[in-house]
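Using the sequences provided together with the hints, build the complete structure.
Here's the letter readout for the chains.
There are 4 protein chains.
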Amino acid sequence: MNIVSYRPSPDELSYTFGGRAPVGKVRPGTIIELSTEDCFGGRVRSVDDLPSQVCEFPYLNPVTGPFHVEGAEPGDTIALHFVEIVPARDWAMSTTFPHFGALTTTHTTAMLHPPLEERVWRYDIDLARNVAVYHARNSDFTVELPLDPMHGTVGVAPAANEVRMTITPDAHGGNMDTPELRAGVTVYLGVNVEGGLFSIGDGHARQGHGEVCGTAVEAAMNTVVAVELIKGVATPWPRMEDDLHLMSTGSARPLEDAYRISQHDLVTWSASLTGLDELDAYQLISQAGEAPVGNVCDTNYTMVAKVAKSVLKGPGVYESAHERLRALSAEYLSGR
Amino acid sequence: MNIVSYRPSPDELSYTFGGRAPVGKVRPGTIIELSTEDCFGGRVRSVDDLPSQVCEFPYLNPVTGPFHVEGAEPGDTIALHFVEIVPARDWAMSTTFPHFGALTTTHTTAMLHPPLEERVWRYDIDLARNVAVYHARNSDFTVELPLDPMHGTVGVAPAANEVRMTITPDAHGGNMDTPELRAGVTVYLGVNVEGGLFSIGDGHARQGHGEVCGTAVEAAMNTVVAVELIKGVATPWPRMEDDLHLMSTGSARPLEDAYRISQHDLVTWSASLTGLDELDAYQLISQAGEAPVGNVCDTNYTMVAKVAKSVLKGPGVYESAHERLRALSAEYLSGR
Amino acid sequence: MNIVSYRPSPDELSYTFGGRAPVGKVRPGTIIELSTEDCFGGRVRSVDDLPSQVCEFPYLNPVTGPFHVEGAEPGDTIALHFVEIVPARDWAMSTTFPHFGALTTTHTTAMLHPPLEERVWRYDIDLARNVAVYHARNSDFTVELPLDPMHGTVGVAPAANEVRMTITPDAHGGNMDTPELRAGVTVYLGVNVEGGLFSIGDGHARQGHGEVCGTAVEAAMNTVVAVELIKGVATPWPRMEDDLHLMSTGSARPLEDAYRISQHDLVTWSASLTGLDELDAYQLISQAGEAPVGNVCDTNYTMVAKVAKSVLKGPGVYESAHERLRALSAEYLSGR
Amino acid sequence: MNIVSYRPSPDELSYTFGGRAPVGKVRPGTIIELSTEDCFGGRVRSVDDLPSQVCEFPYLNPVTGPFHVEGAEPGDTIALHFVEIVPARDWAMSTTFPHFGALTTTHTTAMLHPPLEERVWRYDIDLARNVAVYHARNSDFTVELPLDPMHGTVGVAPAANEVRMTITPDAHGGNMDTPELRAGVTVYLGVNVEGGLFSIGDGHARQGHGEVCGTAVEAAMNTVVAVELIKGVATPWPRMEDDLHLMSTGSARPLEDAYRISQHDLVTWSASLTGLDELDAYQLISQAGEAPVGNVCDTNYTMVAKVAKSVLKGPGVYESAHERLRALSAEYLSGR
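Protein chains in written order, with the working numbering: chain W, 804 to 1139; chain B, 804 to 1139; chain Y, 804 to 1139; chain D, 804 to 1139.
Please note that the accuracy of each hint is not assured.
To be verified - Pair by pair, the computed Cβ-Cβ distance ranges are:
(1) S1113(D) / L1136(Y): 23 to 33 Å
(2) A824(D) / Y809(W): 49 to 59 Å
(3) E921(B) / E836(W): 24 to 34 Å
(4) D1080(D) / K828(B): 53 to 63 Å
(5) E1122(Y) / A1111(W): 53 to 63 Å
(6) S855(W) / R810(Y): 20 to 30 Å
(7) V850(W) / G878(D): 28 to 38 Å
(8) G878(D) / P877(W): 51 to 61 Å
(9) G832(B) / D851(W): 50 to 60 Å
For the record, the hints were derived by calculation from the structure and aren't laboratory data. In this text, all values refer to a predicted model and were calculated from it rather than measured experimentally. All C-beta atoms, glycine included, are put in the ideal place defined by N, C-alpha and C.
Structure follows, in structure tokens:
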């Protein structure tokens, strides 16, 4: 088994997809043990650390990477299987941020209101009990929420020579902020440049649907990913697979366009997998499909379209990459 | 126990919220056994019945009602608890419809494409095995999907003397098309006119998230609802409650506004229930809230914001109407 | 010449399209001299009259009418030519209004901000000099703006037995708030019910594009309209014509859908008038068309699509209703 | 007078903002005579040249540049005055393009329709008579439209180390596609990187509002721009000035957000220029402002907010850069 470890120092972190030389090369079949910083770069540590004061634009939402996948060329697909996503500290942070979030005026939904109060919340992370503990700031209300660790940001270098801030989700992936991106899931990313150049960041100890205030329970993570490459198979928008489901994503504004992209991809993908014509697949997904909300706060919004594989009679996808990565993951975990 | 039965003949059905005299008066505490027609008025019965040919605009999406609730006045809230929703036939229908649905040009998302093909699917409904059976039209693909009966349309007479087609969801309820509206759920509707004048229709044997093709597994239903009235408590947008969750809804375009309305209502409602200030509640819902998609195909789109009562420490809401209606429901069901 | 006068008392005003008996019947070819109140019902008269205090929901945006046009049946079109629109007082009012306008959180674009300050501005109206005088509230800045009187609200009873608040623009017309609706313009409205039942209100001494703060220079008006009926010609969305241009409107959210509706109607209408196929008309409008913004603050947004008749080789439209109404208007004005 | 000429060969053209070394350095006060290719790179020359066949993604919408402005640093503003924009050929092209335009399904407004027909129109450009001649493809309809030459694309290197396709408009400028960007206009662009790195392209012999089919009358141009630098003055979104007006732009989706950004900028800018408080400025722009539509077809939509300087009492802006550039332009033109 080929295992590599990579724990970047702060100055090795990236703030864009594209525009940067790889931090390393990996062969398909590799397992990478890596660490990621939280979206604040670890600078928000107490409720007195206001992000607008301790963070510096555009050095937000750092990602670990990019990694060059050997042999990856435009038109191929990289498969990343999340073996493990574990919060790295016994605390995690969340905040409001001026002009960011779904229930506030923003730079694009521009209004004459002053920004909402900038406020910071510090969560206790208890891995043993699998909970994050919320503490209200203006009362003694406290409640435990189950951990559900995930990565908000994963993607590759964009097409058309673009370089995008990590904060933006689009066809290359990026800051999709979907709770579906948890351990046990394989994400498929279409390759736009030689090596693909994937990066991972923005760990969340857990997240509500839509990340309505703009931030989740933001946590540095120790993460293990297994990497595969599917040659000659293109992927138009990031897709995901777990043991029971297939998923398509879409990131755009307005939110109905994110919904349309993701459902359109799931409908046409399902048609190709089952031999149904597009209208028959449209009907089937209309009754059997789910639509988990990703984010409704970033520069593009993200929706996921999801269907049980059993509904599609368990078709093989991506040359069984998920099954192979599952096996690799099991081997890795048992060998530890 | 006060039980009334109402099985309307076709000419007693309604096609609007508001604008019509009540079909009956009920006292709070009443259980109503009623029947509803499907959204096609029962006219689409085989795959050869194209809705554009057998249905006549605006006589679509009929509802049963309106019912006058004795004592209901503007500023009050009507609580409707769905005791039972049972498909009335051993078949149900779904269709595409010209210029209707999320992945097609519509009358508002107007484009130069000709409409998609109008096609009809007939599902077998097997109550004993609890499944709806999908049959592809252009292949022999068939699959069983679990039943999850619900009502797409429930609402009261609108404010401001308006009369709205049943197809439209808005602050008065209407065609929200959320799968959350199943048996065991209590829906809260703000009263705008004397008696409230609620109606119910558009049963779905099941539905995917967003009802992407524009129709669900459309079924006539035999439904039992228990009615309560909460005096002096206003409800800005329809809310729902089940044994474990509180839910707010929003219906608007673009879809992010439906999300905003529902999340804003859940945040401010949660604040009032817990004593949290708005920003602390915003944070808590951001990490613990869900956002099930209702419809992304009607004249307004619908989103639901949902949180476990346990996260809010199980606050009492609406004078425990849900608990009382649950008890009434249990008494009714055991007495049958 | 058939001339009727109608100056409603306050309790004769209407607050909906549909849902009300006509205030009078007129024959096609009639000239109506009528008066309209401002959108505040005349209750905001000084800068100390806050609309949230002196006005009562839903008694906002009153219209004069409805008028029954003899012989008008569903499938016909009513043509209303604006002969004259003259501010009735030497003052007019504008205000912000809590949760209303384009640069503020609203009931649908729901956010956690408190409302913007409610503030009132009183304009001097000088008909002789043709100006409205703006006075800042928090400085001595003052400036004269040219009068450009128009009606924000004109429409007929909606289809499908609906009744809509006058604040809402849709396919029946309503609160489109487009500065294009000035004297010299003919508006075409598709008839949905016997008699059509048109109403007119919401005069603006002038208005910026989009009515960004939510209100214009709101003025009671003395208005003269000439009425025609075009039998057997349907109109899907309100259209307008002046001596040089044809115009289509669309009202919807998001704003691109209002744009799409209006441009789609102008493209397909132009095709039918010129014999161009749809794609050739699409191309021509793409280079020669204008897109004046109506409102970006109401419950639906409004866009206008506009093209010079000369570009289309001066086609005859609506059986030359505009030309006939122009002649009638000239006869009326010369006879005064 | 410092005059430089630059006529790039095809392989010197750029396809991004950012990500490329400058083609030259210019001092503030320089006049640049430059040529630009059309959005097809000149490859569409007859009605048989379908862009999907003769053009290669992402080599679309080439721009001339980038130019490094000496002394320009982040926080400064570059002023570009368009002295002259002259179509370079006696023909220009327009096309539909699969999945591009306002009245068609696109990659983000994803639907199940096949693309509209791809069709090409060739316009005759007659500089002497100042017209572009439209020829229908499927009939012998032809019409002359007045020339109104403009540049669809102008911008600088983006902030945050981003590199963006030239097709995308955003805060750095880019493909705004507004007809307001004609000769006589000064555009102000906020500097994000050393030298600013501005580029210009996408000439249109004329354009309708919104560029509804996705392309304008696309023309190679001979263009003269005069360059100035305003030190220490930041510009959040591109602004424009002509002899009579000030203009702000916004580019976003949905279209109301483009409207909000542009109106918000014009309101707050007007407040700072006049001493009005924000609410008084909001009121004044609400009555006196215009809102010319830019594009409703690109990856972001663009709106312009516009007000006559006289309404604001003719305030000085950007240290009178427009007046100085006007004088320089006059001197240049008279010296030719």
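Quick rundown of the hints versus the structure:
Checked against the hint of 23 to 33 Å, the pair S1113(D) and L1136(Y) passes, with Cβ atoms roughly 32 Å apart. For the hinted restraint 49 to 59 Å between A824(D) and Y809(W), the CB-CB distance of approximately 32 Å leaves it violated. The hinted window of 24 to 34 Å between E921(B) and E836(W) is violated, with their beta carbons roughly 54 Å apart. Between D1080(D) and K828(B) the beta carbons are some 55 Å apart, a value that agrees with the proposed interval 53 to 63 Å.
Evaluation of the 53 to 63 Å hint for E1122(Y) and A1111(W) yields a pass: the beta carbon distance comes to about 59 Å. Taken as a hint, the range 20 to 30 Å is violated for the pair S855(W) and R810(Y), whose Cβ atoms sit roughly 58 Å apart. The hinted range of 28 to 38 Å is satisfied by V850(W) and G878(D), whose Cβ atoms lie roughly 32 Å apart. About 38 Å separates the C-beta atoms of G878(D) and P877(W), a value inconsistent with the hinted range of 51 to 61 Å.
The hint said 50 to 60 Å for the Cβ distance between G832(B) and D851(W), and at roughly 54 Å that hint holds.
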